[in-house]
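**Student:** Here is how the chains run, residue by residue.
Number of protein chains: 2
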Amino acid sequence: MNEAELVRIDRHVKQWLHASREFILNQMQATLNVSQKTSRRDLVTNVDKENEKLLINKIRTFSPDSQILGEEGFGDQIKNTKGWVWVVDPIDGTMNFVKQRDHFATMIALYIDGESVLGYIYDIMHDDLYSGGPSLGVFKNDQPLPKPENTALHDGLICVSGPLVLHQKLNLPAVVEQSAGLRNYGSAGIEIIHLLTGKIVSYISYLKPWDFGAGKILAESLGLAVTTVDGRPLDMLSSDFVMVATVKAQQDILPIIGSNV
Amino acid sequence: MNEAELVRIDRHVKQWLHASREFILNQMQATLNVSQKTSRRDLVTNVDKENEKLLINKIRTFSPDSQILGEEGFGDQIKNTKGWVWVVDPIDGTMNFVKQRDHFATMIALYIDGESVLGYIYDIMHDDLYSGGPSLGVFKNDQPLPKPENTALHDGLICVSGPLVLHQKLNLPAVVEQSAGLRNYGSAGIEIIHLLTGKIVSYISYLKPWDFGAGKILAESLGLAVTTVDGRPLDMLSSDFVMVATVKAQQDILPIIGSNV
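In order, the protein sequence lines correspond to chains A and D.
Under my numbering, the first residue of the first sequence carries the number 5, and numbering increases by one thereafter.
Under my numbering, the first residue of the second sequence carries the number 5, and numbering increases by one thereafter.
Since the hints were derived computationally from the structure, they do not count as laboratory data.
Remember, predicted model here, so these are calculated numbers, not experimental data.
Some hints here could point you the wrong way.
Unchecked claim - 25 Å max Cα-Cα, derived PhoX-like pairs, lysine-lysine: (1) D:Lys18 - D:Lys53; (2) D:Lys18 - D:Lys151; (3) A:Lys18 - A:Lys144; (4) A:Lys173 - D:Lys173; (5) D:Lys18 - D:Lys41; (6) D:Lys203 - A:Lys53; (7) A:Lys83 - A:Lys57; (8) D:Lys203 - A:Lys41; (9) A:Lys57 - A:Lys86; (10) D:Lys53 - A:Lys203; (11) A:Lys173 - A:Lys203; (12) A:Lys212 - A:Lys173; (13) A:Lys203 - D:Lys203; (14) D:Lys212 - D:Lys83; (15) D:Lys41 - A:Lys203; (16) A:Lys41 - A:Lys18; (17) D:Lys151 - D:Lys86; (18) A:Lys203 - A:Lys151.
Take these sequences, add in the hints, and give me the full structure.
**Tutor:** Here's what the structure looks like:
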């Protein structure tokens, strides 16, 4: 795809995301309608659902022949990654959204024939939009974002999801012990923003495709590694234990996790 | 102390803190001089030290007969809490300051004869100043802050420091299991801000007096409980396992920690 076409799509996606943010902020004035999906830790609200419909409606109008993978199920049943595939997470970090009214993100990704094209992570409450891809480069609020330093595990902070730390999975206590310290923000999007900006050196969590779709494109475009915790490529249609990391931190972490997957 | 005198002191402290912020932001333009205190996880920089000197100098000029307890040791050797005692943490969350250039706080507290008078937590990078005390009430950037809801552990997020989670101390995995989820921001000041604003229901960590001096005053003024993890009052001259929590969350957590201290 040529750059003019990328820029045109990019302009549209940003318009959708700004509309999304207005919608979310408006809805936050009213009482949320919260329900559980698979467990009391896995929440969905009316705003997740309505915002996904809003975004999918924009995508369908713009690009009727695309496939859409949406967290809340208003997209398509996707069996393959052929053609244009949009990945939509209307509110990433719904628990934070419900309990904190902060620290959550709206995310969109575009893949074509399985290849990364454009990714978007929008920190709604701070009004910070991270956008771009392998061709356009990566931007924070339309300013180019420099590549984060290739910092080793020993010299950087690491984010690990709560359940993985609590249950001491994947030999992760040993990984964290090697790092400069543990952090946990409770949203894949917010955590990946901390990687893009060099504030942490790795993020490890069990993630679904809409959790990592946009982050993978942005992180890889800035020279970060995005794989499973045992170093395999991610399958865009499957959930897995995912590691986003600087190249050095990835090399430090892989042997510690080793066969503990 | 009458309100006019409190307001006068409050105005001065805010001036010092704004000067501190200017100083810190300026220093962040240059290379930091980082060294270890007790371990590689316990850092201090030239900015911590110089900012403590700046604040202590302001306090000495304003109130020459006060005792001052400062993290970096430029205050007094304090043996008792008689008279005016200022507690100064020039940069709380030094690891975040060094590794993230974000998520750290400058904190000041004033106790008189061991009684809470005024507390200040300044989130430097977001320019959010939390201030006040039992008489004045609590403010965020000079706007009154409402009391956070008295939410139970089951319905709220909890922050626990990395080492306590990793080493499964104090039966904390069971505490976190009861909550809505684990978060970890890496700075007592930032974590207590999340309590003041109702974004988490408890924060548990091993803390030194300068880590909790300001937070204790602000949190108690908003109806939150601030004690040791086994429910004893804090000693302003000692380090301890500290729990800041809503009253309901404290009642939920105390029996789970029980005799595991």
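**Student:** Just pull the numbers of the violated hints for me, sorted ascending.
**Tutor:** 5, 16 and 17
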